[in-house]
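J.: Here's the letter readout for the chains.
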Amino acid sequence: MSEANNILIVGEIVNARLSSVTSELLNAGGRLAGSLGQPLYAVLLGTNLQDAAQEAMCNGASKVFLAEHPLLNEENVEAHVTALQQVAEQVQPSIVLIGRTQLGRELGPRLAFRLSVGLAQDAVALTVEPGTQRLLVTRPVYGGNAMAVVTMTCKPQIVTVRPKAFEAATNNKTIEGELVRVAVEIPNSVVRTRVVERVAQETAGVKMEEARVVVGGGRGLGGPAPFAELEKLAKLLGGAVGASRPACDAGWVDPRFQIGLTGKTITPELYIAVAISGACQHMAGCSGAKVIVAVNHDTEAEIFKQARYGVVGDWRKIVPAFTEAIRELVS
Amino acid sequence: MGLRMIVCAKQVLDPETPSSVFKIDRATKRAIPPPGADPVVNGFDEIAVEAALRIKASAGGTITVVSMGRSFAMDVIKKPLAMGADELILLQDDAFDTVDSFIATNVLAAAVRKIGQFDIILCGRQASDWDNAQVPLGLAELLDLPCLPFAKNLELKNGSVRIQRVTPDGEETLEAPLPAVVTVSNEFGEPRAPNIKGIMAATRAKPTVWGLPDLNVDLTTLARTELVDLYIPARETRCEIIQGEDDTEVGRKLALKLREAKLI
Numbered sequence: 001m002s003e004a005n006n007i008l009i010v011g012e013i014v015n016a017r018l019s020s021v022t023s024e025l026l027n028a029g030g031r032l033a034g035s036l037g038q039p040l041y042a043v044l045l046g047t048n049l050q051d052a053a054q055e056a057m058c059n060g061a062s063k064v065f066l067a068e069h070p071l072l073n074e075e076n077v078e079a080h081v082t083a084l085q086q087v088a089e090q091v092q093p094s095i096v097l098i099g100r101t102q103l104g105r106e107l108g109p110r111l112a113f114r115l116s117v118g119l120a121q122d123a124v125a126l127t128v129e130p131g132t133q134r135l136l137v138t139r140p141v142y143g144g145n146a147m148a149v150v151t152m153t154c155k156p157q158i159v160t161v162r163p164k165a166f167e168a169a170t171n172n173k174t175i176e177g178e179l180v181r182v183a184v185e186i187p188n189s190v191v192r193t194r195v196v197e198r199v200a201q202e203t204a205g206v207k208m209e210e211a212r213v214v215v216g217g218g219r220g221l222g223g224p225a226p227f228a229e230l231e232k233l234a235k236l237l238g239g240a241v242g243a244s245r246p247a248c249d250a251g252w253v254d255p256r257f258q259i260g261l262t263g264k265t266i267t268p269e270l271y272i273a274v275a276i277s278g279a280c281q282h283m284a285g286c287s288g289a290k291v292i293v294a295v296n297h298d299t300e301a302e303i304f305k306q307a308r309y310g311v312v313g314d315w316r317k318i319v320p321a322f323t324e325a326i327r328e329l330v331s
Numbered sequence: 001m002g003l004r005m006i007v008c009a010k011q012v013l014d015p016e017t018p019s020s021v022f023k024i025d026r027a028t029k030r031a032i033p034p035p036g037a038d039p040v041v042n043g044f045d046e047i048a049v050e051a052a053l054r055i056k057a058s059a060g061g062t063i064t065v066v067s068m069g070r071s072f073a074m075d076v077i078k079k080p081l082a083m084g085a086d087e088l089i090l091l092q093d094d095a096f097d098t099v100d101s102f103i104a105t106n107v108l109a110a111a112v113r114k115i116g117q118f119d120i121i122l123c124g125r126q127a128s129d130w131d132n133a134q135v136p137l138g139l140a141e142l143l144d145l146p147c148l149p150f151a152k153n154l155e156l157k158n159g160s161v162r163i164q165r166v167t168p169d170g171e172e173t174l175e176a177p178l179p180a181v182v183t184v185s186n187e188f189g190e191p192r193a194p195n196i197k198g199i200m201a202a203t204r205a206k207p208t209v210w211g212l213p214d215l216n217v218d219l220t221t222l223a224r225t226e227l228v229d230l231y232i233p234a235r236e237t238r239c240e241i242i243q244g245e246d247d248t249e250v251g252r253k254l255a256l257k258l259r260e261a262k263l264i
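Protein sequences appear in the order of chains Y and H.
Using the numbering used here, read the first sequence as starting at 1 and increasing by one per residue.
Using the numbering used here, read the second sequence as starting at 1 and increasing by one per residue.
Derived by calculation from the structure, the hints in this document are not laboratory data.
Glycine included, each C-beta is placed from N, C-alpha and C at the ideal position.
Among the clues, some could well be false.
Label pairs and their in silico Cβ distance ranges [stated by the list, open to error]:
| id | chain 1 | residue 1 | chain 2 | residue 2 | range |
| --- | --- | --- | --- | --- | --- |
| 1 | Y | Glu176 | H | Thr221 | 54 to 64 Å |
| 2 | Y | Glu3 | H | Ile232 | 43 to 53 Å |
| 3 | H | Asn216 | Y | Glu89 | 22 to 32 Å |
| 4 | H | Tyr231 | Y | Glu176 | 35 to 45 Å |
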């Protein structure tokens, strides 16, 4: 067996294009490749992968492996891990980067255990230790209260990377790469999990994960009705509305709008948190915001420790006055 | 003969610990529990116990709770029994004090093999201390089982399990044959509080304790990760509190301030 000597990005495809996370992984992987003097590769799984493969090369992959199989068109982790095991055995990567997406957060642990190697989940920073050349992975733990730096003791070192933790790779159209088809065998019997139904709900307006401004509401709002007030504000700012876990668990807001450790990670320019105390499980999802504004009646609320601007008082009066003033300013 | 259920439950530092008293010993790379603060059963694992109790109520069966660690606060780790679980197995050994998910999962898998027969393994979606979310999927790999993660509800029927879960843009329903691993998410709902009868029964109950020699597992070759550092990130405490006569005025002033900062 030859020595592991490349960095392999596991790409994901959305509507025949590379997902934004994949482009972020190619950027992160490219930096590691530079530090380690190893080539950057990508693997794409599914069918009709040519266009995405071209994109991956423009994003810095010098080789793109195509694992084409109809069973890989679905987000089935059992089919994906079976294929990736075969790809990893052939490509011999020293590092495998996977996006911590719906699929990735299952694929990472599955692949690590399948290959009997170590995994670091939810990386927010990746560095190569000078001298030892070890990969150091920084990941939030204790709900974001602490950061752990982890290294893996055998190869490949598998990492799932938090979306938006890295900028997307810059597109360079002059780069040429090599396409390599990998024959993967996926017996039907490995797929034991069946999707019975998949319901996609349309999100009106801007998506929270992509919004420049997000307005979040918490337990302190007391019920579902006040979220209409936040909607008004968000609409004025061209932003989106999200919620803390207690507001979602109480059934006030659909869980797909949850911001936090068990919900979505947002990285807006401006996050306005209304009646949110700032439990670290919530902050884990919004600490990537450039500026946090907190509106809370409790001066001691944790949210003020991470906010740039704070308003202490009753949101019932503050939010309408704030919204009205914004309306005047933007008109 | 009802269903045989195994629930994995972890004792963790209370995640509600305010960040102001959350401390780390950087030398040993461990969190220091605040004085007088009791640990808790990982919240997601309590929901897994709740899921098992609901299955038991509708279809009958037995619930075995397995927990792994170096030491336990007995009244804390017995909570699943107080909620209504039938049996508690503590995997207790100095060697089980690990933050390496590969080691932990192999120990748990050895315990599951020793238990023998089971229909379903229920776990919380992740532990609120290390947030790894690796163990359930790793168990599925080591025991060659399907795994359905992040359930907001589940249903057992005709030898299979069906779950619904929240996805980034909606919802999906998945099904797998039993035996299987299922992890539950907070959308499942609140776990029940133990009643007096349950608490009394749990107080009397003696957990089964298995140490390393009781399990067919060799830890010497299992470490896959090394914890290099653990630290509390520096927080910028420079929050500017907008002052004003009343709430209406501060609301307006906030808008002006954000305009001034070119944020809106």
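J.: Each hint needs a verdict: does it hold in this structure or not?
T.: To see whether the hints hold, each was checked on the structure:
About 43 Å separates the C-beta atoms of Glu176(Y) and Thr221(H), a value inconsistent with the hinted range of 54 to 64 Å. Separation of Glu3(Y) from Ile232(H) is about 38 Å and departs from the stated range, judged on CB atoms against 43 to 53 Å. Remark: the range hint 22 to 32 Å for Asn216(H) to Glu89(Y) is upheld by a beta-carbon distance near 28 Å. Checked against the given bound of 35 to 45 Å, the beta carbons of Tyr231(H) and Glu176(Y), roughly 43 Å apart, stay inside it.
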